[in-house]
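Everything in the sequence shown is counted per this note's numbering, starting at 1 for the first residue and increasing by one.
Watch out, some of these pointers could steer you wrong.
Said to hold, decoys possible - Cβ pair distances, simulated, as ranges:
id, residue 1, residue 2, range
1, Arg13, Thr199, 17 to 25 Å
2, Asn2, Asp94, 53 to 61 Å
3, Ala148, Gly27, 20 to 28 Å
4, Thr199, Trp144, 34 to 42 Å
5, Arg35, Ala429, 30 to 38 Å
6, Ala287, Gln340, 44 to 52 Å
7, Gln340, Ala192, 23 to 31 Å
Hint data in this document are derived by calculation from the structure and do not stem from the laboratory.
No experiment lies behind these values; they were computed from the predicted model shown.
A virtual CB, placed ideally from N, CA and C, is assigned to each residue, including glycine.
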Amino acid sequence: MNVATHVTIGNLRPVHRIGLGGNKFCGPGIWGPPRDVEATVTAVRVACDSGVELIDTAGSYGPGWSEEIIGRALGGRADPPLVATKVGKHRGPDQSWIVDATPNRLIEEIHASLARLQRERLDLVQLHGVDRQVPLDESLGVLWDLRAKGDIGEVGVCNVSAEQLTQALGTGPVASVQNRLSPQQVDPSTLAVLDTAATAGIAFLGHQPFDHGRVFLSDVLGHVPHRMGRSAPGQLLLRLLLELGPHVVPLPGSGDVAHIRANLGALQLALTEPELIALLHELPASAVFRERITSGRGATGSLPPRLGTAPRTTLEVPQQQISQNGDPRARDELIRRAEQLSGVRVQRTLLAIPGSVAFHMTDEPVEGALMAGTEFLHFHPPHDGSLHAVFSPEDHAELLTKGWAIPHLLVRYIVHERSLMIWAPRDAAELEVCWHIVQRAHRYAMSVTSRQEAGAR
């Protein structure tokens, strides 16, 4: 079961239904510059190369830094993504958020955004909040005037109730609404806005889908993806949000390229009906959210067996390549060999991390097991979107003995999830390293299965 992958916002071109929130392109608290400005600029560029087609930002992020970063990253790009920015909020010296949607203030912010983003026209401008001191139609009227002049492509509203959205729709061409949208936070008022947007035929952009990272504090997220033979928990949560309607566009914020690629992979994540129902009942979500998705889907189900009669083993085959990956023939040969192992299936993914191998194991920890990260993935292993293989300390020792501790292949070791991620081989020599690891991991997976079956008898 798949979902629509694209959405159209007003008269703009269709874009992927997973966007990128630009609030992470700043310092802590969405204040000041990021720790490494140039690295963040590069991350935005690589994110666009990886398939990001919509970036959300605001003049108040930084303030100004998020738009500055995006402007630097996209300046001169032949195929820039759509950029949605917001006006009507600014930051006080104490880092507070101040709503100010007076006409002069909005015009000033629009001109500042045009300069920082290095654009002649802003694709989508959303009113960041309703100013109780200014009539809504007056604030929106300024944006529509600028739209008529060609400074703005489309106009949207943010952080509104269903009643306020209805009011906005009655006063002019609103193309989008942006509200908070996290599985844990969905309530009747959220559904009311979702339904109003669907009826009006406009896009619903959902910010904070991971609830500022709090959603990952749940212990459930540590084992459900492995039990299902699936990928990262973040991907699964985004995939559930996509079920709310073809007009829904989650906007996860990240400055980490691996996370961004993993998030995009949610668009290609096919779920069976039982898997979808099981996810709704196991992953963190509100009762209202579960009821909305499950209505009309029949009785609840249970998760698939952990292993069955053989290990659930997945080899990811990306649709995109990374320049550093070298000759794809080495990757293809690794895939060919791995397919000959029992219990292996091949799965295509949007992730540009070629050759990741998954050996989905039981929930029981493997004492002393290690996880070897890669250049892109070792910073945040729980949410990286990759599938994993078991790698024991004995394997590590043997690799060191053989002189196979290749820096880009085995960069850093983290005690987490008893797993190994392997980087795709770039040449024939590295192919043999990866193949050795895959074989050892597969033998280990088979031995665990045999012990489980013996215990069950």
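Outcome of the hint check:
1. Arg13 <-> Thr199: 17 to 25 Å: Holds: the Cβ-Cβ distance is about 23 Å, inside 17 to 25 Å.
2. Asn2 <-> Asp94: 53 to 61 Å: 47 Å, violated
3. Ala148 <-> Gly27: 20 to 28 Å: 37 Å, violated
4. Thr199 <-> Trp144: 34 to 42 Å: 21 Å, violated
5. Arg35 <-> Ala429: 30 to 38 Å: 36 Å, holds
6. Ala287 <-> Gln340: 44 to 52 Å: 46 Å, holds
7. Gln340 <-> Ala192: 23 to 31 Å: 54 Å, violated
Hint check: violations occur at hints 2, 3, 4 and 7; the rest are consistent with the structure.
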